[in-house]
Amino acid sequence: MSLEVLQPGLMSLLQDRGRFGRQRIGLTTGGPLDPEAHALCNRLLGNDGNATVVEVSFGGLVVKATEDTLLCVTGAPMPLRINDQPRDMWRVHRVAAGDEIALDFAESGCRAYLGVAGGLRVPPRFGSTATVPREKLGGLNGGKLQPGDVLPCAAVSSGTLRYLPRSYWPHYARDITLRVIPGYQQAHFSRLQQRRFFSHAYTVGERCDRMGYRLEGPAIECDIEGILSEGICFGAIQIPADGQPIVLLNDRQTIGGYPKIGAALSLDVARLAQLTPGGRVHFAAITPHAAHNALHLADHRLRNLPLPEYRV
Amino acid sequence: MELHQAGECAVMLYLGTTTSPDISARVQAAATAVERALGEHLVDLVPSYASLLIIYDPLATDHYAVAERVRQAVAGLDTTGETDSREICLPVYYDPETGADLEGLAERAGLSIQEVIALHSETEYRVYAIGFAPGFAYLGQVDERIAAPRLATPRQRVPRGAVAIADRQTAVYPAESPGGWNLIGRCPTRMFDPDAEPAMPVAVGDRVRFEPISRARFLELGGELS
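Protein chains in written order, with UniProt numbering: chain A, 1 to 312; chain B, 1 to 226.
Next up, chain A with everything else stripped away, as it sits in the complex:
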């Protein structure tokens, strides 16, 4: 039983929650750029939260089921068709052997998650199936899906069909606010520079990928050019010599020597990763305490979303 890739789209990668505990040998975490959509895809399907799904960036994925299964697509709105019939995202669908599942290009946002009941069955590398193309690690062979790839999964003929009511579907705005915990290196950024950073809008530049999103706007000056290389946490905002901030994402290098003005909240970084070049970003400072509360609230919300059953 499997899904066969007919068209891989621009960039489709297999992702579980990510590869943790291996940064000591230089392995980054990978994992879904939008963890909320990834988690909901698996929850709707009744899967383990770490089950492997396809992260589809921008769209254009076409797969064919070789046996019966349940399938669900969450995340950025990429019109979903099963055998050329429009189908809702955020809803578990029964598919039969031979059915063709197609995702068009995103109408807003740019990352969607296609999962099947039981998850895709690929062997983990270093404890995870997360694909990190830069490291040539994870997924089927360390890279993006290719035409003809076969994604193994279990045959499933029965199961609960669930959906997320439309009023709960996320909205992928083109203008977002990133909550930022100001960094411990902020002493290297004058009060004026910090004020500049937090009071201007920045634009997502052309150089945005799974490693980091480069933002363009008023240059931020820093009184040092570099620091002794140190670990970089998820969401860290580096300020290189040209003063244009880079928000570091899932496939970032594990250590680096650029000064950091702060670290963005993961919940907001997920929204940033849904932006394409031209998207607008504002920064707002928050305390570690407020960040902690926000994470708990989001976790609570996610676990308590109503996912009603439907019958066909």
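Some hints here could point you the wrong way.
[To be verified] Beta-carbon label-pair distances, calculated as ranges:
1. B:Gly110 to A:Gly148: 23 to 33 Å
2. B:Glu224 to A:Trp169: 47 to 57 Å
3. B:Ala65 to A:Gly257: 24 to 34 Å
4. A:Asp48 to B:Ala65: 24 to 34 Å
5. B:Arg36 to A:Gly257: 22 to 32 Å
[Unchecked claim] Not close to chain B: a few residues of chain A, all C-beta gaps over 10 Å, as computed:
6. Glu67
7. Ile82
8. Pro86
9. Arg94
10. Arg162
11. Gly278
[What the hints assert, rightly or not] Here are some of the chain B residues that sit facing chain A, going by a computed Cβ distance under 8 Å:
12. Met12
13. Tyr49
14. Leu53
15. Ala133
16. Ala199
17. Val204
If you are wondering where the hints come from, they were derived from the structure by calculation, not from laboratory data. Nothing here was measured: the structure is a model prediction, and the numbers come from that model. Where a beta carbon is used, it is the ideal one built from N, C-alpha and C, also for glycine.
Fit chain B to the known structure of chain A by using the hints.
Showing chain B alone in chain A's frame:
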């Protein structure tokens, strides 16, 4: 020692501000102590030259509790003297054939190629950090006489196993990649092999020595010249 909040689920512990074997040994000792103190709340640890990034599960604990436990764990730490670290020997075929920058580096340093090789292989290095790419170990400190700045234009392709110098650091490229370090030789030992256990022959804190080998020995050990 300084401890700072680095993000929503990370704290940064500084054990010094410079590159030295003592500070590196402290980072090592702190990593072991923090691992024990945080137990299952710990998600990942990133040791580097003088710091330790500690990543925790923010839904299972919070930054106050983590900071408190980290402080306690490192307060009683014996940070004097060298911890017992492993010594690893890496064979290197030093030659202009494998080290495109060997002649230039010798010329700039006013040394013969033999002297450069001697200075590089007679120093004991320490693994200060691993990063940049899987298995890329930063080794220091290179003798000042053969320290060399990064190339103005990085190479598009540096082969796997290339032994290189940048400033007072040296490294063996774990995989083919672009790179701007000065190439002086080639090591037949795989620095990162996802199918091996462990995947890397070295870890942060290990001591490393380079042993000059002949072309024939290099090939015998599985080295590749392409």
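Ascending list of hint numbers which this structure does not respect = 1
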